[in-house]
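Visitor: Spelled out from the first residue to the last, the chains are:
There are 4 protein chains.
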Amino acid sequence: MNAFSDGVFAIAITLLILEIAVPAGSGDDLLSALGDQWPSYLAYFVSFATIGAVWFAHTVITEYLDHADSVLIRLNLLLLLVVSFLPFPTKLLAEYIHEADAERVAATVYGINLLLAILMVSVTWRYAVRGHLVKPDMADEDVKTLTKRLTPTLGLYVVMILLGLFLPLAAVVGYLALALFILIPFSAIRHRPSEA
Amino acid sequence: MNAFSDGVFAIAITLLILEIAVPAGSGDDLLSALGDQWPSYLAYFVSFATIGAVWFAHTVITEYLDHADSVLIRLNLLLLLVVSFLPFPTKLLAEYIHEADAERVAATVYGINLLLAILMVSVTWRYAVRGHLVKPDMADEDVKTLTKRLTPTLGLYVVMILLGLFLPLAAVVGYLALALFILIPFSAIRHRPSEA
Amino acid sequence: MNAFSDGVFAIAITLLILEIAVPAGSGDDLLSALGDQWPSYLAYFVSFATIGAVWFAHTVITEYLDHADSVLIRLNLLLLLVVSFLPFPTKLLAEYIHEADAERVAATVYGINLLLAILMVSVTWRYAVRGHLVKPDMADEDVKTLTKRLTPTLGLYVVMILLGLFLPLAAVVGYLALALFILIPFSAIRHRPSEA
Amino acid sequence: MNAFSDGVFAIAITLLILEIAVPAGSGDDLLSALGDQWPSYLAYFVSFATIGAVWFAHTVITEYLDHADSVLIRLNLLLLLVVSFLPFPTKLLAEYIHEADAERVAATVYGINLLLAILMVSVTWRYAVRGHLVKPDMADEDVKTLTKRLTPTLGLYVVMILLGLFLPLAAVVGYLALALFILIPFSAIRHRPSEA
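Chains as they are written, first to last, in numbering that gives the first Met the number 0: chain C, 0 to 195; chain S, 0 to 195; chain B, 0 to 195; chain F, 0 to 195.
Chain C with its partners taken away, still in its complex shape (with noise of 0.2 angstroms):
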């Protein structure tokens, strides 16, 4: 399962560059028009970000995992699915960023592929909690830390998410800040003991 699960991951953080065209320009007009596509770089930066955080909450999961059960196995097929489609939503919000009413589209359509990202990574947590399928050895600090952090993460996705309808710009930058909000605590949950 984890052989295939990071193939996912590494080929849909990689595919999202595939998404930035080179511009048409000549001379030093090259620059600005370079300059032009910032939104391409930052649906960039807040995909990557996010699949960088969803692949590490599933790289902490997968580590703390016992043994996987047949449901747990579906759960990860979905997770993979709803990562596998966010350069769709990263495309279309790198075209419509700047377009009056269409932007409110493309942030909502993103951010809704963000939340369900996370909560499918949420729900495989919690399932595995619940399942008894964690270690036994396993710190139960640690594993109350991470069921306490994922919850209030959806709340937030959903409050930019409503945010997106008013300000699209404010929420993109505001899922860049999740993303990299996700990917701190976790790292500091996992390496503990090594930092001691």
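In short, the hints are calculated from the structure, not lab data.
Do not take every clue at face value.
Claimed, not checked - So these bits of chain S aren't anywhere near chain C, every CB distance computed over 10 angstroms:
#, residue
1, LEU41
2, HIS66
3, VAL81
4, LEU164
Claimed, not checked - List time: in silico SDA-like cross-link candidates among lysine to any residue, alpha-carbon distance up to 25 angstroms:
#, chain 1, residue 1, chain 2, residue 2
5, C, LYS147, F, ARG73
6, F, LYS147, B, ARG73
7, S, LYS147, S, GLY173
8, S, LYS147, C, VAL108
9, B, LYS147, S, PHE44
10, C, LYS147, F, PHE180
11, S, LYS147, C, ASP68
12, C, LYS147, F, ASP68
13, F, LYS147, B, LYS147
14, C, LYS147, F, THR61
15, F, LYS147, F, PHE180
16, F, LYS147, F, THR61
17, F, LYS147, B, ILE72
18, F, LYS147, B, SER69
19, B, LYS147, S, SER69
Backbone N, C-alpha and C fix where the C-beta goes; we use that ideal spot for every residue, glycine too.
Chains S, B and F: place on chain C using the hints.
Guide: Chains S, B and F alone, transformed into the frame defined by chain C:
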């Protein structure tokens, strides 16, 4: 053999998203333009579910495998050939599902590719069982169940291909149902002990 | 070294399908439009079989390897360079195989890429044998067979490239035959004990 | 961490070929049309060599690593971000290398991306050495050599970026030389014992 196979499955399943193009539209029309693309999403989900199901069956087979022989490795390459070809008929289906007559051609080509993928998994499994390549400590009941499930599924794919000549869309929905049908029993077979 | 190499082989073999475009056509004409694309399918199958054969030879080599040295790792990178370049000549061949004169150019470029791939596998294998990097408990006969097979195949690729200057299509069919020829003896060499 | 990283490296290095488009041409003109595309081939080789060099340095680091901590995992994600971005400047360079003024912009953007990739490998290596994450049984001399080599290479990349403002093509050739320079010492460091 496994790292390479898992890689091909992971790439084929993730490349599917590249086939969905961002629609042209402005303002709130973008929402309806996105809605009009439903054949692309449907084709995406059916192909994702089918590759997921084939990957899952492949995982069960390689888990049961005691050792590989030269024939099995070539059967496996044929399976990968058929799976990595799937993004093409998926794109074909997404583009032509609404056009009279052409949709019959697209649905038939698509169905034949799905049938070949399931057929190759089935052949690989039967070869492994007959060639005594499976581990001796494996429960016989599981082998029988796996063998029993794959053959009728093949027949149902043939039925769906024939149905698709008259009702292409119904056949595509049927392909989704078949992929989900394969996904569920396999996982139950595989992890029965852990659910006890 | 192996995870990276297997990844490159898996990606190169799966990217080939992206080169086949969905044809424009309506009604039952789609079937004939699909049929007219046969050069794309042929190029796809030949490249798939060749990358499959090179991957297979690479797997045999790494299985026999006792340890890698600095030269071998650089030879391996050169092999991956040549293999990951193949999707380009494949697309070239698919597009130009029917156009007078241009098809000779396309078939020659394609053949040279195939020759370089087989050459790099052969050089890597010979280096490993001469440098005594192969495991001491390996049967000498297998090494000799492997060494014997690769050299004449190289000669046949040169013959096919020359043939392609006059009969490009015949050369492409020949490349398919050569790839299948490599695929078969290697597997027989590799798994002889398990078939006894 | 390794499976995911190897996947991203393998995908980024293999995606480069998608940037080379098949030229339009007929008859024997195809040969000259292919020849006119030399900037695409040059950009492909430089990027392939650089990703190969970064992957190689990364492999040496992870081989020496005793354990990862939370900071290292985030540094690694930054490295992967920079590496997976490279196909975009590669395409930019291939398209604009012959156009006055625009080629200076393209070569500078490209050089900065290369510099960041080498910088991230260097930072990751220094962090691992200072944080005592390296295995205790590793020869100290190797660590010193690795540390010594990476710093001057960074300076040479800065020199090349400045040179590229006046002579873009010369800078690109310089980037190729630097990538090959990194590839060679690392392998010598790594496998010295086996060459004795």
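Visitor: None of the hints should be skipped; say for each whether it holds.
Guide: Comparing the hints with the structure gives:
1. With a least CB separation of 13 angstroms from chain C, LEU41 of chain S remains clear of the 10 angstroms interface cut-off, as annotated.
2. For HIS66 of chain S, the non-interface assignment is confirmed: its Cβ lies about 19 angstroms from the closest Cβ of chain C, beyond the 10 angstroms cut-off.
3. In this structure VAL81 of chain S is separated from chain C by more than 10 angstroms, as the shortest Cβ-Cβ distance comes to about 18 angstroms.
4. Distance check for LEU164 of chain S against chain C: the nearest CB is about 30 angstroms away, which clears 10 angstroms, and the non-interface claim stands.
5. For the suggested pair LYS147 of chain C and ARG73 of chain F, the alpha carbons sit about 22 angstroms apart, so the restraint of at most 25 angstroms is met.
6. Taking the CA atoms of LYS147 of chain F and ARG73 of chain B, the gap is about 22 angstroms. The hint holds against a cut of 25 angstroms.
7. Simply put, LYS147 of chain S and GLY173 of chain S have alpha-carbon atoms about 20 angstroms apart, close enough for the 25 angstroms limit, and the pair holds.
8. This hinted pair does not check out: LYS147 of chain S and VAL108 of chain C have alpha carbons roughly 42 angstroms apart, beyond 25 angstroms.
9. The suggested pairing of LYS147 of chain B with PHE44 of chain S is violated, with an alpha-carbon distance near 48 angstroms, which exceeds 25 angstroms.
10. A distance of roughly 49 angstroms separates the Cα atoms of LYS147 of chain C and PHE180 of chain F; the hinted pair therefore is violated under the 25 angstroms criterion.
11. For the suggested pair LYS147 of chain S and ASP68 of chain C, the alpha carbons sit about 22 angstroms apart, so the restraint of at most 25 angstroms is met.
12. A threshold of 25 angstroms between alpha carbons decides the hint, and for LYS147 of chain C with ASP68 of chain F the separation of about 22 angstroms falls inside it, so the pair holds.
13. A distance of roughly 45 angstroms separates the Cα atoms of LYS147 of chain F and LYS147 of chain B; the hinted pair therefore is violated under the 25 angstroms criterion.
14. Between LYS147 of chain C and THR61 of chain F, the direct Cα distance comes to roughly 32 angstroms. Violation of the 25 angstroms bound is thereby established for this hinted pair.
15. Distance check on the hinted pair: LYS147 of chain F and PHE180 of chain F sit about 13 angstroms apart at the alpha-carbon level, within 25 angstroms; holds.
16. Distance check on the hinted pair: LYS147 of chain F and THR61 of chain F sit about 18 angstroms apart at the alpha-carbon level, within 25 angstroms; holds.
17. For the hint linking LYS147 of chain F to ILE72 of chain B, the alpha-carbon distance of about 22 angstroms falls within 25 angstroms, and the restraint holds.
18. Annotation: proposed proximity of LYS147 of chain F to SER69 of chain B holds, straight-line Cα distance about 19 angstroms (limit 25 angstroms).
19. For the hint linking LYS147 of chain B to SER69 of chain S, the alpha-carbon distance of about 19 angstroms falls within 25 angstroms, and the restraint holds.
In summary, the structure is inconsistent with hints 8, 9, 10, 13, 14 from the numbered list given earlier, while agreeing with the others.
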